[in-house]
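Novice: Below are the chains, spelled out letter by letter.
Protein chains: 2
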Amino acid sequence: MTANGATISNGPACPIPISEYPRILLAHGGGGKLSQQLIQKMFVPQFKNESLGLLHDGAVLRVEGDRIAFTTDSYVINPIFFPGGNIGELAINGTVNDLAMCGAIPRYLSVGFIIEEGFAMENLWRLVHSMQEAATYAGVVLVTGDTKVVDKGKGDQIFINTSGIGVIEKGVDIDPRRAAAGDAIIVSGNIAQHGIAIMSVREGLEFETTIKSDTAALNSLVHRMMATYRDIHVLRDPTRGGLASSLNEIADSAHVGIRISEENIPIAEDVKGACEIMGFDPLYVANEGKLIAFLPATKANEMLSVMKSHPQGKESQIIGEVVADHPGLVVMKTKIGGSRVVDMMSGEQLPRIC
Amino acid sequence: MTANGATISNGPACPIPISEYPRILLAHGGGGKLSQQLIQKMFVPQFKNESLGLLHDGAVLRVEGDRIAFTTDSYVINPIFFPGGNIGELAINGTVNDLAMCGAIPRYLSVGFIIEEGFAMENLWRLVHSMQEAATYAGVVLVTGDTKVVDKGKGDQIFINTSGIGVIEKGVDIDPRRAAAGDAIIVSGNIAQHGIAIMSVREGLEFETTIKSDTAALNSLVHRMMATYRDIHVLRDPTRGGLASSLNEIADSAHVGIRISEENIPIAEDVKGACEIMGFDPLYVANEGKLIAFLPATKANEMLSVMKSHPQGKESQIIGEVVADHPGLVVMKTKIGGSRVVDMMSGEQLPRIC
Chain A
561 MTANGATISN GPACPIPISE YPRILLAHGG GGKLSQQLIQ KMFVPQFKNE
611 SLGLLHDGAV LRVEGDRIAF TTDSYVINPI FFPGGNIGEL AINGTVNDLA
661 MCGAIPRYLS VGFIIEEGFA MENLWRLVHS MQEAATYAGV VLVTGDTKVV
711 DKGKGDQIFI NTSGIGVIEK GVDIDPRRAA AGDAIIVSGN IAQHGIAIMS
761 VREGLEFETT IKSDTAALNS LVHRMMATYR DIHVLRDPTR GGLASSLNEI
811 ADSAHVGIRI SEENIPIAED VKGACEIMGF DPLYVANEGK LIAFLPATKA
861 NEMLSVMKSH PQGKESQIIG EVVADHPGLV VMKTKIGGSR VVDMMSGEQL
911 PRIC
Chain B
561 MTANGATISN GPACPIPISE YPRILLAHGG GGKLSQQLIQ KMFVPQFKNE
611 SLGLLHDGAV LRVEGDRIAF TTDSYVINPI FFPGGNIGEL AINGTVNDLA
661 MCGAIPRYLS VGFIIEEGFA MENLWRLVHS MQEAATYAGV VLVTGDTKVV
711 DKGKGDQIFI NTSGIGVIEK GVDIDPRRAA AGDAIIVSGN IAQHGIAIMS
761 VREGLEFETT IKSDTAALNS LVHRMMATYR DIHVLRDPTR GGLASSLNEI
811 ADSAHVGIRI SEENIPIAED VKGACEIMGF DPLYVANEGK LIAFLPATKA
861 NEMLSVMKSH PQGKESQIIG EVVADHPGLV VMKTKIGGSR VVDMMSGEQL
911 PRIC
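Chains as they are written, first to last, in the numbering used here: chain A, 561 to 914; chain B, 561 to 914.
It cannot be assumed that every hint is accurate.
Pairs count within a copy or across copies, as identical chains cannot be separated in the list.
Distance condition first, Cα-Cα at most 20 Å in a straight line; then the derived SDA-like pairs of lysine to any residue [as the list claims (entries may be wrong)]:
1. K608 <-> W685
2. K593 <-> E809
3. K714 <-> E677
4. K593 <-> A680
5. K712 <-> E763
6. K714 <-> P639
For the record, the hints were derived by calculation from the structure and aren't laboratory data.
Given only the sequences and the hints, what does the whole structure look like? Please build it.
Specialist: In structure tokens:
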């Protein structure tokens, strides 16, 4: 590297302890504790502004009086074609979902490709075609884009960034800080499918049935949920770091306690078996087509039945509640009757899962 | 690759002739003819919508009655620190400029990092700090972000995507299709600095003076230009592919001819010398802090003096005009009195220049 950096001013020192982490580790991108440290200690204080501080899936902005949501995600998943989907479809669905989790109606997406020299044109075409199908399904339009090519060996086939804009209708106020004692917590279906689908392919494992990624656009489900009860408090799609990390982030944002019940968490038998074989805790495994919703318990049963009637919500379950006790902690009642603290993921469980 | 792609439908065939280009080449990301082919034959027809078809630097969208501009760019420049700037600063300025070229006031930016495992934390910090300085200077806020880490050897230190949103005020109508016979063409200063700064470092060449990148935010200059004459027809920042490619794109969009005069094109002596030594035509070399403006010739002298009074426009020059003849062609009157067609760049002159 030619560190000529003549224009770099001698600013404040690096806020991440260099003695501890002199170099970026895979875990700094894994959605767990090291990711949080990087965001909380470096990015948020440096890029300080109200929107970024919330650490939501997207930023909620005012533009000429209207509220819009704005979000970005880069996709570096390996392999790029996997059971149930591909990196292109994932890049559309993931960004659509981040907007939907802000309570926004997703409208416009941008696409940035970083392609490794030598990538097969036919595969690019398959991805582009699949992205358009996913965009059509989700009702969004790809309005602007950029393509960069890097030398062979300086990338890994293809990385895709999608950013998105959505419009938030009046009366909608989804915010992780709104989780409140008395809220019920609903998850929209079987967890851990995406992560296990990727890992089983990557590790060359074969199960009796092929486990498929759950990648899906959730905006239609959210639309129906909001038509049922507009004042949902929190929505979140538990991607990197899984259900456990998302619940911890929300407990932390709202300074509330969360209680969940293991026996109510929906998980398919084959996924459960694969987790046992590979030694993964499904609570920490990524999902790409599931959401968790927080809303007043009095509305939970009605919402549950609405969700179950939607294709993306058929296996929805009420998995727990928000409590005033133990703020910041997620506690799970286990199947054998005990209880354990479900911490945020610390290491890097599944690199390049999305 | 595990091409399991079970969900890929058998759609239409790839529109790029596979026999000719079975694999992605560096030139597909170079801003020249192959880039254009990829965009025009694959992306635009597939992601078809009015905004994308315009091939502007950003999309102009209507959100609840307001017009906003939306743009995205990935930065893969090598080296990441270079004379006059770094990849972080470039990523802010580049996206700010794309918004300004739509006539928008840049407001909000997203940042997506793709970091190679092992990247020095201190360098990440230097980049983040520099990005914040650039954002503050340009008056934009970084509101949302994403960080991915890829395994060592699967990336190249750091790639940065920035997407941005700006607001377009009433009465502003910047559009490449508006270039019209009778328009004057102004360039805001010396060309080819960025590309030559990068290449001289990369090639290990030493010149008498260090040539610095011209990376700079242009929104303040544009603001002053629009205060002088709001109905500017076209703005464009000639980045990848340089001045020649931008002029060709505009001639093509508006179906007009363009005439420029070689002796009026501003270029610094050291940059001209470096181009001769390295064998580059400066018309095709990237700029990162310059713009070209098309406006009625009757307003050109007033605009020129306003631009010259701004720090980013001191060496502005009127370089040519739009004509009704030879639509789609850019013709240059050379210094020795001849004339030549200035074509769009065909190959890949400078890979990973931004």
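Novice: Now tell me if each hint is right for this structure.
Specialist: Hints, verified against the model:
| no. | hint | result |
| --- | --- | --- |
| 1 | K608 <-> W685 | between (40 Å within a copy, 15 Å between copies) |
| 2 | K593 <-> E809 | within (11 Å within a copy, 47 Å between copies) |
| 3 | K714 <-> E677 | both (9 Å within a copy, 13 Å between copies) |
| 4 | K593 <-> A680 | between (37 Å within a copy, 19 Å between copies) |
| 5 | K712 <-> E763 | between (25 Å within a copy, 19 Å between copies) |
| 6 | K714 <-> P639 | both (17 Å within a copy, 13 Å between copies) |
Figure legend: structure checked against the earlier numbered hints; every hint is met.
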